[in-house]
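Peer 1: So the chains spell out like this:
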Amino acid sequence: MFRAGPREVAAVDGVSFDVFDGEFVALVGPSGCGKSTILNMIGGLVTPSAGTVEIDGARVIGAAPANVGYVFQKDTVFPWRTVARNIALGLEYRGVTGEQQARRVREAIALAGLEGFEDAFPATLSGGMRQRVALMRTLVVDPAILLMDEPFGALDTHTKINLHAELLALWNARRQTVVFVTHDLSEAITLADRVVVMTRRPGRIKMVHEVKLPRPRDVIQLRETDEYAREYRRVWHVLGEEFAERGA
Amino acid sequence: MSGRASVLAWRLVILLAILVAWEWLTGVKAISRTPGLYWIDPFFISRPSAIAARFVFLASDRVRLSIWQMALSTVQSTLWGFLAGVGSGFVVGLVLGRNDRLARIFEPYIVAFNSLPRIALVPLITMVFGFGILAKVVLAWTIVFFIVFFNTFQGARTVDADLIYSARFLGAGERQIMRTVIIPSALGWTFAALTPSISFALIGVVVGEFLGGESGGGLGYLIIQSLGTLNAADMMVALVSLGVIGIVMALGIKQLERRLLRWRPEYRDRA
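These protein sequence lines map, in sequence, to chains E and U.
For the first sequence, the working numbering assigns the number 29 to the initial residue and increments by one for each residue that follows.
For the second sequence, the working numbering assigns the number -1 to the initial residue and increments by one for each residue that follows.
In case anyone wonders, no lab produced these hints; they're calculated from the structure.
Don't take every hint at face value.
Using C-beta positions, here's what the derived DEER-type ranges look like [as the list claims (entries may be wrong)]:
#, chain 1, residue 1, chain 2, residue 2, range
1, U, G250, E, R122, 36 to 44 Å
2, U, I103, E, V266, 48 to 56 Å
3, E, G60, U, I103, 32 to 40 Å
A short list of chain U residues far from chain E (calculated; beta carbon distances all over 12 Å) [what the hints assert, rightly or not]:
#, residue
4, L14
5, F53
6, A101
7, P182
8, T193
9, E212
10, I245
11, P263
Glycine included, each C-beta is placed from N, C-alpha and C at the ideal position.
Okay, chain E solo, but in the shape it has when bound (with noise of 0.2 Å):
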């Protein structure tokens, strides 16, 4: 149970599931379902009232366990720091300086096509850019676990998909464990290996999906194929009934 306030709400109740090593997961639900409170107890933000958060092996409590990024919804890069101070600071805090943080920060700003605006504050860049940005920070130091909590939330679809695209591209040559909330089927569907469907609060596991179309995946002519449409009917099939229960 998380403890809001001076009542008890539960905002998950007997979530249980494993993350494999290397896999995508989305987590998928309608809103205040907890999804972002599982991503939360996973990062160490929030500490579970029962129950544990393993990785590796290791218990997590508390702090941010060492090796896992975090991007959150709502645009947290530095707005006093160009792009290129805010994709160093994960290497200005493990100490990494000189030539091989300039370098690397070079390689992270011509992964993500952000060349040309190195020098430029975050207030001159559109919302897909910052969180571009944002997504480059958190990989620039390379953590083998990445959660990611609506990332794309609020971009408009088209830069949705182009972020998409580079998300995958991304992890295709790094193979993080990721573990991807989401409140969009589509593209839980179109990045993730399995997919965990939430019910409504306190938030239960409803159903476990393995994404079953292969890799790597082109995210645009994916969705015109009979096999991503079968597996969105699929999955839509249960996450559907949460919606339409709420009745709004």
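Given the coordinates of chain E, work out where chain U should sit on it, guided by the hints.
Peer 2: For chain U alone, kept in the frame of chain E given last:
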């Protein structure tokens, strides 16, 4: 004419209009040839020509204490008080802003001391620190400290928690979070306090100089002297000088802000 130039032109026109009106109205007699009865009596507010003449005299080396020395003394006391107040207010604001327990312990003291009219402290501060420059610096400090403290405190408290979390996930320790998240985030709030701070520092210093006598003699001393001799022209010289000092200092702060906060959208195209 571009917007900027026209604004500047209007400013000059208004200044000239005021000076001309002032000079003219204080020179026209209400009843002809009756001494003293002017439309506006220059005895009280002097006239631009007389003020300019007094300025030239006070700026010359024919006086014991020139206007330059007095202005310098005032500027020095103001800057020292300002720097001490900004420095200490910023540090204490950050510490209490990030530590709820300490903030709760100190809250009543801070509120009590801040509601005390600082002018009431002038005699005490003079008693403790004497008539020299130090008393004025301390007085300015006690005022500036609170202005900067409250703003920085608020700024440090309202740092976006998600920015702190993301720094932590990127491997930041507490000190790195302070340096890279909390201080830059609070700086915007602190800067908002600096322009009023410099004005209030100037107020503190001038009030201190009223009491301070010749030893620390700044522009406030000139004002009190002029009151003693009923010399409106000298008083105006001091007031105009204070105005100029205030403007220059405020412009300096604006420049600094533009540099340090150049990431803000409002400074974007000027950076």
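Peer 1: Of the hints stated earlier, which fail here?
Peer 2: Violated hints (numbers, rising): 7 and 11; every other hint is consistent with the structure.
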